[in-house]
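Asks: For chain A, the structure is supplied; the task is to place chain B on it using the hints.
As a plain string of letters, each chain reads:
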Amino acid sequence: MTAVVFEQPAVLQPKQHGKPGGFLRHTSIFTGLAGGIVLATITYMIGSKLVPWGTQNADFSQVGLNALIAATMFAWVIGFMAGIGAFAGPIRWALGHDLTHDDAEYMAGKDQGKFRYWKYTTDHKVVGTQYFVMVLVLLGLGGFLAMLIRTELGWTWSELFDPNFYNSIIGTHGIVMVVAMIIVVTGPLGNFIMPLMVGARDMAFPRLNALSFWLLFAAVPPLVATLFMGGIRDGWSVYQPLATQAGMGMVGYQVLIIVFAFSTGVASVNLITTAVTMRARGMNWSRVPIFVIGIIASSVMGLVWFPMYQWSQILAMSDLVVNSSFFNPVAGGSVWLYENLFWLLAHPEVYVIVVPATAGILELMTVFLRKPLFSYKLAIAGFAGVVGISAIVWVHHMYMTGFAPQVGYPFMLSTELISIPFGFLVLVALGTMWRGKVWTRLPMMCVYAVIWNKVIGGITGVYLSDVPVDQYMHGSMFVVAHFHFMLMGAGLFGAMAAISYWFPKMCGRMLNERIGSIGFWTAFAGFQITFFSMFVAGLQGQPRRVLQFDNMFNVSNWISTIGAYIIGIGMLIFLYAIITSWRGKTYAPANPWGAKTLEWQTETPVPLENFPVLPVVTSDPYGYGVPDPYDAIEKELARDDNAAKVPQ
Amino acid sequence: MSTTTTTGPLYPTTGEPVAVNARRNRLGVWLCIVSDLTGSIALLIAYSYLWSLNVNNAWAPPKDAWASDVPFFLIVLGTVLATISMWWGYKGLVKGHKDRMIVGATLATLLILVTFIGQIVQMSTFPFDIQDGAYASSVFWLCMGSAIHLSLVLFFTMATVFRTKADRITPQNPYHARLVSMWMTYVCVVIAIGALFTLVMKESPNTNAPTFGTFTTAK
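Here the protein sequences line up with chains A and B, keeping their order. Per the numbering used here, the first sequence starts with residue 1, numbered consecutively. Per the numbering used here, the second sequence starts with residue 1001, numbered consecutively.
Okay, chain A solo, but in the shape it has when bound (with noise of 0.2 Å):
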């Protein structure tokens, strides 16, 4: 037997330049914000000596103007980055000024108490902590929006707002939700929890991590400027040739998802290496936790479909600026070919969504029923089933659009197909109730509303990938209340749940259930008024996106905006529970569930480096009832000791 030993000398470092952290230490958000703000401002006044403004494209759009805007968009995304340290590091790695250890913590942000989650800082708890601020903030613009929408269509008998600017809503509320539910879960959880599930000091890249923050955070701006440059007016989706004929407001949805899309590929590339390549020892692949299983195939689809969305839009963004002819019908583009690219992501977007969410529900179910999930490999199936049958799937939404009917079929089989994988999870989580006797908390409480909505959200999916029923249905408000019971009451709720689990790790204190539980049933009663009353809208034939509908509607859209409101209420009590709770004074214990995972077994709040040593894993996640076999051996140990004290 041969063991290969690593002696552990004294580690040799690079030379150090200057103080820890060189050129971050003069950085953080305010010299981002300066940067951005003079980069986009020199860009403006020169692009606009050189841009003729009054230029149109042959859909009468300005297309210098819409230069000038895309450039200066653009610049104070760079801008932004540059100011904030982002490139520091880039330059010194091609300059062979590797970073030493005390460099490492530096950017870490040790010793900086409160300051670092307002700099460039590499640890991945503050990059979770940074994340999970920023979906409450995307979360309460897009939920503001949604308001505005349901107040409009509850005032039935009367316009608030300008038809244009209530498009614009419309389109906006579209894409903030879609992005703060992409990053809903992966991004502070996945940035946060997963790490230390698996065992890690840190995430594999720890500076592509505070990358991928920085850019989404850079990425906003532009969104919000669209409200007041004309907005987003075609829906979420932007179809063509809508998209060109646009104003300036679609440029700043076009650099929002050109730079999502590389903050998540990014993001992506980081979780997929940590889960894959930092396991603590003795974590095989049949002990990691199904919660990082989730992640890792959320990133998969993430990684795999963004770039076609994001495509799409420097595709559209050229047709916009430059005048090129890719969507254009006039000019040799195709409207079917922006569709095709768009829906390559954009449907399994709702994976990359509903994927980490019911990961958290079944992680949390085996604690809450201190029972081992019900068939880990069925899980395991499900997530491979969603990931490969969510490339086969996206004509689904272009049925009626004139592309290809011949093909329409074999996608209806398709769409219909990927309901067994899914079909895996919702069973997976019903094995594991089974017989269980429940540790009713707040998370638990989550897991019914999810398993509910997601039944509900699956069986009219079902319906609406059938060609007959979609003919029908199509652009209703049918299509509406499905995918909010998949992408709020799965995703959402599926966050809520999770958030609420992992609340006291993150943020060293006991949410308050009491408050949280009345603003969750709140949220969740309200939502089942709006959208079962939106199903019924839908049936009767109201078509979505519209400002004014039929008198025969007016009834379903008091009781929908009613309900919004009550939505409204319960996501405030919740957001309530949670700062207070954050500000409170009830601090966590290291392990208040008694779960087995390792995020568990570190002290709250989590030291630098997570772990003192780094952790061995001995036994199953979720083996609940079934005793460490070395808490045997030591029994076994003593008992042998105690025999050897008995005198012969």
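What the hints contain is simulated information worked out from the structure, not anything from laboratory work. Hints should not be assumed to be uniformly reliable.
[To be verified] No farther apart than 30 Å at their CA atoms in a straight line, the calculated lysine-lysine pairs in the DSBU-like style are these:
1. A:K437 with A:K371
2. B:K1165 with A:K19
3. A:K110 with A:K19
4. A:K110 with A:K596
5. B:K1165 with B:K1095
6. A:K110 with A:K437
7. A:K15 with B:K1165
8. A:K15 with B:K1098
9. A:K15 with B:K1091
10. A:K596 with A:K585
11. B:K1091 with B:K1165
12. A:K371 with A:K596
13. B:K1095 with A:K15
14. A:K437 with A:K596
15. A:K114 with A:K585
Predicted model, so just to flag it, every value in this text is computed and none were measured.
Replies: Okay, now just chain B, sitting in the frame of chain A:
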């Protein structure tokens, strides 16, 4: 039981063996390649989709002024030679010849620089403008994609020269040079596929294209 002791260089920030860190980086680069490949496929889908449909009979550029084939393949040739040079340097490095790495990476940098300039020249001398129909737009963006890839490669090859000179890339720790070579090999493949598309897909096979009429630009 016999015990062998292995003392390898350690990664300064984490104290792990550099080989462990290199394995992690290699997976990261492979994932980046997968993601970049999907984006490149999106461009190739756009090119072939518009070529096959010939919407409004507007695929072809004005007066059938197609782009010349030769520059595409000169750009592929430049990238391939740079990649060979990089691999040659890397192979020398792992045999202990650090100077060969510096020569190989420097040569690769120069070749990529010339190729990048060639790419810009090609784009500025097309016999059409980006606004001249679907073919023109698609070819411009294929070339733009190639230029973006080349600029990234230029950064990496220059970094390899600097890092080798600064003893960050050594025979004991050659991993970054290997990753750059891997990336360059991928870039060769993707640029070659793009060039192949422009060579074999010129005239659209759809001679009975649907027409949508014309607009005039407002003055």
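Asks: Evaluate each hint against the coordinates.
Replies: Evaluated hints:
This hinted pair checks out: A:K437 and A:K371 have alpha carbons roughly 9 Å apart, not beyond 30 Å. Our distance criterion of 30 Å between C-alpha atoms is met by B:K1165 and A:K19, whose separation comes to about 24 Å. Pair hint A:K110 plus A:K19 holds up; C-alpha atoms about 14 Å apart against a cutoff of 30 Å. Between A:K110 and A:K596 the alpha-carbon distance is near 29 Å, which keeps this suggested pair within the 30 Å criterion.
For a cut-off of 30 Å, the pair hint linking B:K1165 to B:K1095 stands: about 17 Å separates their Cα positions. In summary, the hint linking A:K110 to A:K437 is not supported, as the alpha carbons are separated by about 43 Å, beyond the 30 Å threshold. With a C-alpha separation of about 14 Å, the suggested pairing of A:K15 with B:K1165 holds against the 30 Å cut-off. Of the pairs offered as hints, the one joining A:K15 and B:K1098 holds, with about 21 Å between alpha carbons and a cut-off of 30 Å not exceeded.
Proposed proximity of A:K15 and B:K1091 is supported: the alpha carbons are some 28 Å apart, at most 30 Å. Under the criterion of a C-alpha separation no larger than 30 Å, the hint pairing A:K596 with A:K585 is consistent with the structure, at around 26 Å. Between the alpha carbons of B:K1091 and B:K1165 the distance comes to roughly 17 Å, so the proposed pair stays at or under 30 Å and holds. For the hint linking A:K371 to A:K596, the alpha-carbon distance of about 11 Å falls within 30 Å, and the restraint holds.
As the CA atoms of B:K1095 and A:K15 are separated by approximately 27 Å, the hinted pair is consistent with the 30 Å bound. Among the hinted pairs, A:K437 with A:K596 is consistent with the structure: their alpha-carbon atoms are about 18 Å apart, no more than 30 Å. Proposed proximity of A:K114 and A:K585 is supported: the alpha carbons are some 17 Å apart, at most 30 Å.
Figure legend: structure checked against the earlier numbered hints; the only hint not met is number 6.
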